[in-house]
Amino acid sequence: MVYAGGDFSVIGGEDRNRIAALDADDGAADPAWDPGADDSVHALAVSGNRVYAGGKFTTIGGQDRNYIAALDAASGEVIDWNPGADGSVGSLAVSGDMLHVGGAFAHIAGQPRGGYARFRLFPMTTIHGLPSRDWINKPVNLTFSVTPGGGLEIKRTEYSLDGGDWTTVPAGGLRISADGVHELHYRSVDEAGDVEEAKIAWVKIDKVKPRTAAPKQAKAKRGAKATLRYRVTDPKPNSGKAVVVIKVKNARGKLVKTLKLGRRPVKNALQSASFTVPKKWPRASYRFSVYATDLAGNTQLKAASNRLLVR
12 MVYAGGDFSV IGGEDRNRIA ALDADDGAAD PAWDPGADDS VHALAVSGNR VYAGGKFTTI
72 GGQDRNYIAA LDAASGEVID WNPGADGSVG SLAVSGDMLH VGGAFAHIAG QPRGGYARFR
132 LFPMTTIHGL PSRDWINKPV NLTFSVTPGG GLEIKRTEYS LDGGDWTTVP AGGLRISADG
192 VHELHYRSVD EAGDVEEAKI AWVKIDKVKP RTAAPKQAKA KRGAKATLRY RVTDPKPNSG
252 KAVVVIKVKN ARGKLVKTLK LGRRPVKNAL QSASFTVPKK WPRASYRFSV YATDLAGNTQ
312 LKAASNRLLV R
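In our numbering, the protein residues as written are 12 to 322.
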């Protein structure tokens with residue numbers, strides 16, 4: 012379909028007042044598409060199922076519209092969008108989800124605009140409640156707010172979780188509780204059927220605690236290096252890393268050394284941490300314990316431990 016605007020009263024072999032829809036092959040006027048305007052149409056722009064018209068008219072499709080209007084692309088009916096201008100509109104252009112309007116107006120949509128304005132054509136959905144951290148250890152409750160496009164009412168906000176069907180967001184919002192890496196798509200649809208381009212958010216939930224192991228005792232001389240071997244595992248799904256701390260206590264249970272190892276991989280293979288045993292330490296049996304907190308904030312239930320023999 013080709014849409015035409017101007018000062019004509021006949022086009023494509025049919026009576027048409029200043030606006031028409033023509034067959035792209037033979038140029039014949041669509042017999043059903045006939046909104047008509049009471050004055051010249053200077054500009055047209057098409058986006059989805061809408062045709063935007065601008066000009067000198069104050070009535071189009073039998074509805075009061077001051078110099079700018081939106082029509083249904085299939086039927087030619089005037090839709091509810093009605094910003095209104097105080098002067099003629101001479102140019103319209105669609106770029107992305109925005110309609111750019113130029114003309115001889117000083118005000119449009121009730122706002123001062125010196126001959127130029129732009130309007131969002133599609134709904135814009137904002138998600139609320141996304142965690143600030145990459146991984147979390149509890150369910151997520153998400154809500155959505157929508158800025159309508161073109162002033163139209165919102166019909167629904169919908170989501171698709173992990174490749175599932177599009178589903179309307181419940182009245183109380185969306186709750187995601189299962190462990191895993193969840194891919195969430197969301198969008199809104201207005202009453203005119205305009206569908207927002209879907210946005211994507213990720214929700215990563217891990218409620219399972221990591222486990223630590225210290226399967227080998229360590230030996231070292233005073234003033235020499237002691238190597239402590241440990242293991243940190245975490246059932247999937249997980250972030251792949253955990254913050255590891257090893258604490259060394261003497262025979263009386265007094266803390267004498269803390270090794271803050273930072274983020275270390277979560278894996279079945281043994282890992283190691285080393286430090287130089289102070290020369291002033293007594294020769295004795297010490298005990299080292301391994302603590303781990305995964306990136307979701309889960310801490311091991313029981314810290315694994317083993318002996319460190321200092322000679």
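Honestly, the hints are just simulated from the structure, not real lab data.
One or more of the hints may lead you astray.
Derived CB-CB ranges, DEER-like [as the list claims (entries may be wrong)]:
| # | residue 1 | residue 2 | range |
| --- | --- | --- | --- |
| 1 | Gly140 | Trp177 | 25 to 31 Å |
| 2 | Ala212 | Met12 | 35 to 41 Å |
| 3 | Gly17 | Ala209 | 51 to 57 Å |
| 4 | Asp173 | His111 | 21 to 27 Å |
| 5 | Lys313 | Lys166 | 21 to 27 Å |
Computed cross-link-like contacts, DSS-like style, restricted to lysine-lysine with a CA-CA straight-line distance of at most 25 Å [said to hold, decoys possible]:
| # | residue 1 | residue 2 |
| --- | --- | --- |
| 6 | Lys236 | Lys291 |
| 7 | Lys271 | Lys290 |
| 8 | Lys313 | Lys247 |
| 9 | Lys291 | Lys149 |
The C-beta atom is built at its ideal place from N, Cα and C for all residues, glycine as well.
Quick rundown of the hints versus the structure:
no.	hint	in the structure
1	Gly140 - Trp177: 25 to 31 Å	violated, 20 Å
2	Ala212 - Met12: 35 to 41 Å	holds, 37 Å
3	Gly17 - Ala209: 51 to 57 Å	violated, 38 Å
4	Asp173 - His111: 21 to 27 Å	violated, 38 Å
5	Lys313 - Lys166: 21 to 27 Å	violated, 53 Å
6	Lys236 - Lys291	holds, 14 Å
7	Lys271 - Lys290	holds, 21 Å
8	Lys313 - Lys247	holds, 19 Å
9	Lys291 - Lys149	violated, 46 Å
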